[in-house]
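Residue numbers (numbering that gives the first Met the number 0), protein chains in the order written: chain A, 0 to 145; chain B, 0 to 145; chain C, 0 to 413; chain D, 0 to 413.
It cannot be assumed that every hint is accurate.
Here are the in silico distance ranges between beta carbons for each label pair [as the list claims (entries may be wrong)]:
1) D:D158 to C:D81: 55 to 61 Å
2) C:E115 to B:H58: 33 to 39 Å
3) B:H58 to C:D186: 57 to 63 Å
4) C:D272 to D:D158: 38 to 44 Å
5) C:D272 to B:E24: 28 to 34 Å
6) D:K193 to C:D272: 51 to 57 Å
7) D:E23 to B:H58: 35 to 41 Å
8) B:R15 to D:S6: 46 to 52 Å
9) C:K138 to D:K86: 32 to 38 Å
10) D:E318 to C:K89: 45 to 51 Å
It is worth saying that the hints were derived from the structure and are not from the lab.
Glycine included, C-beta positions come from ideal geometry on N, C-alpha and C.
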Amino acid sequence: MSNADIYHEMIIDYSRNPINYGKIEDHDVTFHDSNPLCGDSIDIDMKFNDNKVSDIKFHGKGCAICMACSSVLTEIVKGKEIDEVRNISKNDILSELGLEHLQAVRIKCALLSLKVLKSALYSYLGKHLKDSQDVDTLKEEAANLY
Amino acid sequence: MSNADIYHEMIIDYSRNPINYGKIEDHDVTFHDSNPLCGDSIDIDMKFNDNKVSDIKFHGKGCAICMACSSVLTEIVKGKEIDEVRNISKNDILSELGLEHLQAVRIKCALLSLKVLKSALYSYLGKHLKDSQDVDTLKEEAANLY
Amino acid sequence: MQSSQTSFENIRKDFPILKRTVRENKDLVYLDNASTTQKPNQVIDAITDFYRNHNANIHRAVYALAEEATELYEQTRDKVADLINIKNRKEIIFVRGTTEAINLVAYAWGRDHLKESDIIVTTEYEHHSNIVPWQLLTKEKGAKLEYIGMDDDGELILDDLDKYLATGKVKLVTFSLVSNVLGTISDAEKIISKCKAAGVLTLIDGAQAVPHMRVDVEKLGCDFFAFSGHKMLGPTGIGILWVRTSVLETMNPFQGGGDMIREVHKYETTWNDLPYKFEAGTPSIADVVGFGAAIDYLLKIGMDNIRQHEIELTSYALEKLSSVKGLHIYGTRDISKRGGVISFNFADVHPHDVAQIVDGEGIAIRSGHHCAQVLMERLNVAATSRVSFYIYNTKEEIDKLINSLNKVARIFKL
Amino acid sequence: MQSSQTSFENIRKDFPILKRTVRENKDLVYLDNASTTQKPNQVIDAITDFYRNHNANIHRAVYALAEEATELYEQTRDKVADLINIKNRKEIIFVRGTTEAINLVAYAWGRDHLKESDIIVTTEYEHHSNIVPWQLLTKEKGAKLEYIGMDDDGELILDDLDKYLATGKVKLVTFSLVSNVLGTISDAEKIISKCKAAGVLTLIDGAQAVPHMRVDVEKLGCDFFAFSGHKMLGPTGIGILWVRTSVLETMNPFQGGGDMIREVHKYETTWNDLPYKFEAGTPSIADVVGFGAAIDYLLKIGMDNIRQHEIELTSYALEKLSSVKGLHIYGTRDISKRGGVISFNFADVHPHDVAQIVDGEGIAIRSGHHCAQVLMERLNVAATSRVSFYIYNTKEEIDKLINSLNKVARIFKL
Ligand SMILES: Cc1ncc(COP(=O)(O)O)c(C=O)c1O
Ligand SMILES: Cc1ncc(COP(=O)(O)O)c(C=O)c1O
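Chain A on its own, in the form it takes in the complex (with noise of 0.2 Å):
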């Protein structure tokens, strides 16, 4: 894949337009996290119903590669079932972008707010999970996602 071929019009126009791009003011849980090397940094606030993601925005600053993906996480995680969310792979995002052989600097872009996901939903999680050792799976689930 050429670096050119990397930003289709898909990726160009998520990136101007996000979606699900904002705050919710009374969300179950916000989380924050940056890229260390380039700076990108990425919210993601969500709302629980009936063990769904009843909702959920992002807010932050990336780069193109990072908003598209951030707005495709969130469109694919909208609705769903916790235990579904946790199962969301690095490729379910990059497949859906054609992104699977992004170099490994940019993968990290565009798997920033994966990682913020994740790490929200461990947060959450750890608050109302009864089984401690759930808690560490999906925090090694977290911290495997680089």
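Fit chains B, C and D with the ligands to the known structure of chain A by using the hints.
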């Protein structure tokens, strides 16, 4: 000069039978220093009389070169005027033993006792000198020995 | 094109990497010299020669190789003294880079000399390595870190300095001689004279200055000076900390270990002479030797010629970039106050996307915060794109950059 | 001569420096491998290739060279993990060498975890780099440094350890896996199991072990592990600190600067993920890459084969040296407890004089305190002569050493 040539009769003799080896119990000044790189260490004790070095002894641990040079140095110094002692140069010692072309690391072995001697003298004069500029000169002299 | 320019183009043949192609067979155009520079054969060969012919540990052994290695290593100290005009070679400490140099000062000077409610002053355009060590130190000591602000031309607001100095609590003022983002050349003379009048020590981060212009540390009159070898044709792993003797003598050791001691006993230890007291353990010997070759190379060209070459390139680039629609350049246009570094933003396109698209054309530029997030906050941006020049860059390369920016414009429909 | 020996002699052609002559046209015999080792073409070429083809700063930029440089740099981390059996690559921190590794622990772990009257335990046969940092730290904290004694065979007296552990005040026990003077292999298993039972952390200085034998850090079960690249065919300027995650997570940063941060604001800063939190500034990138090539080279030979080769050489040398009249060898004769290091004294001749005379024959041996003055005091000597072997040494070289010692005897009329 080949390495083995350094070890002529005189050096071996001096190292086995150092001159002026020992301590002076009622010294006017004593000084200790060591070579950080090899661990050689030398103490020099001196007594003064009538502006002259009336007695000098050294002790410590060192290689043949260090021991021979210490012997030669104390022989040269004994009985000399303080001012003359201050003017003793590296070469006065090295030439006495044919060591002018010693490599840099070994030069430090050869001149350790000269450094100790000058430091001892500085410490003694520091207490007895009026003219502080003179002290500075001496200090610089000592610092520049290596 | 001027004749000095032409002679500079001959330089390129010394740099093997410049013959490389990247991505889909594009000629490499390397414009990230503020981050690290490429290495000429002369430097690579010096390292190779060291390992092939002279490799040994230094200072401690009597055999032939150790003697040769020690001499090669110590020769670089003399070359550094010569390069930045230092009279006393014992004031020159070999470290890994600017970062370690500044941390050494924070640990070995700062922890003994800083008290609660004392102030350290830095600037808004510092590299993280001239901010974070002071945050760590002032936090430990209950002291304060203050910032000299920057005006919209990218120049320091020295009134801020006056204000802090007036408190009588400032112990150190630290600043970079050239900003790694804006290229601003600090008014070191004025800062230092103010500090001297107030009896306050000064540290200069020379990482972006020493590679690019003649620097005279004695004339500057600061107390600490730091820079990195890898930003001036030298190997990675070698940098310099210079400290004035009168200050150095008040400092305890930083790291403990071999070479920095005089006598070690179980419960007490005495220190080696300067500068060895501050060089613990086996240093980056081959990198020090390679750095010596880099200094030789630069001095043969001449630091004033290098500065002149960069002024030509930077003026040309500023002119060309200004003509790109929607492109915003940060910092002063006054070339006498700017090194060969240009930061910009291109319409609403994120710098990462700019960098990636021009990379597709073989052009290496940096995007991001450039380890200067405090400055990013001041500029109110998340990131910038940055190009930075060195001796082997050409106007043709700048033309290629401009072309590739047009490609960015097409893709992002600007 | 055995066949394994023969295959080892083929190795010599990879080391260009071994073709050198020194002094008056004498073939170089390099027997100071405990100090630093020579480098094979494979390592020198890896450094050269890096600078000729891939040089860029790491982690931060998106362009092709930066991608390649980062990958080469990070590959070495995986190779290190493989070499000493570490599951989690994020626990591996690149430093300059063993000295910096231990100082990093003293600063970034020690200053937060050591309180007044706590105890750190080291041993009588440590290198200065495993003594001085603890002297500095315990002095700062009003804590105590204690020593595990050594018996006349050069082995640690573990009763001393029991005694200190019984106080309940010990926070860290630190020891070298192999002594750089006596070659003693410490009984790490026993030391660590005692410490674990007492809930005390352990640090292993592996500088003289990792180059010479198979080391399994996971199996050892220590908490900190340090070693140097230049003592195992690698470049100067690169070493490793490994820290168990659970301990690493309790540590504050050591140096502040680029790459170790997450977000820098004027008055507060957050840290990067492990291990980057502990790697501030531009590292010795090319040295890291060269070190990767050294590990490849060693693993191709096989660490067990290397140990076997050194056992053969060391046994041979012990036998030959024992037959020299007036020569006294320090440490155990039990080859299973000894690495390829032999320290000795020769009648009343000072080690410097021994070293200088054998140097005249082209033979590089070390004389002095070997950065182990506490051990010198214990042995009641000012210095020793030391020979230490590596993969390229041969029995013929040992024969040459013995011959040159006869020359020492003649000159000093022994
Ligand atoms: C102004 C400035 N200071 C400090 C540094 C840090 O230098 P190094 O990474 O070599 O330690 C840099 C370069 O990254 C710089 O540009
Ligand atoms: C046992 C031991 N520890 C530590 C060191 C220090 O290693 P470096 O000088 O590479 O920091 C050495 C080597 O000199 C050593 O032999």
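Practice prompt. Against the structure, test the hints numbered earlier, and report the numbers of the ones violated in rising order.
Written response: 2, 6
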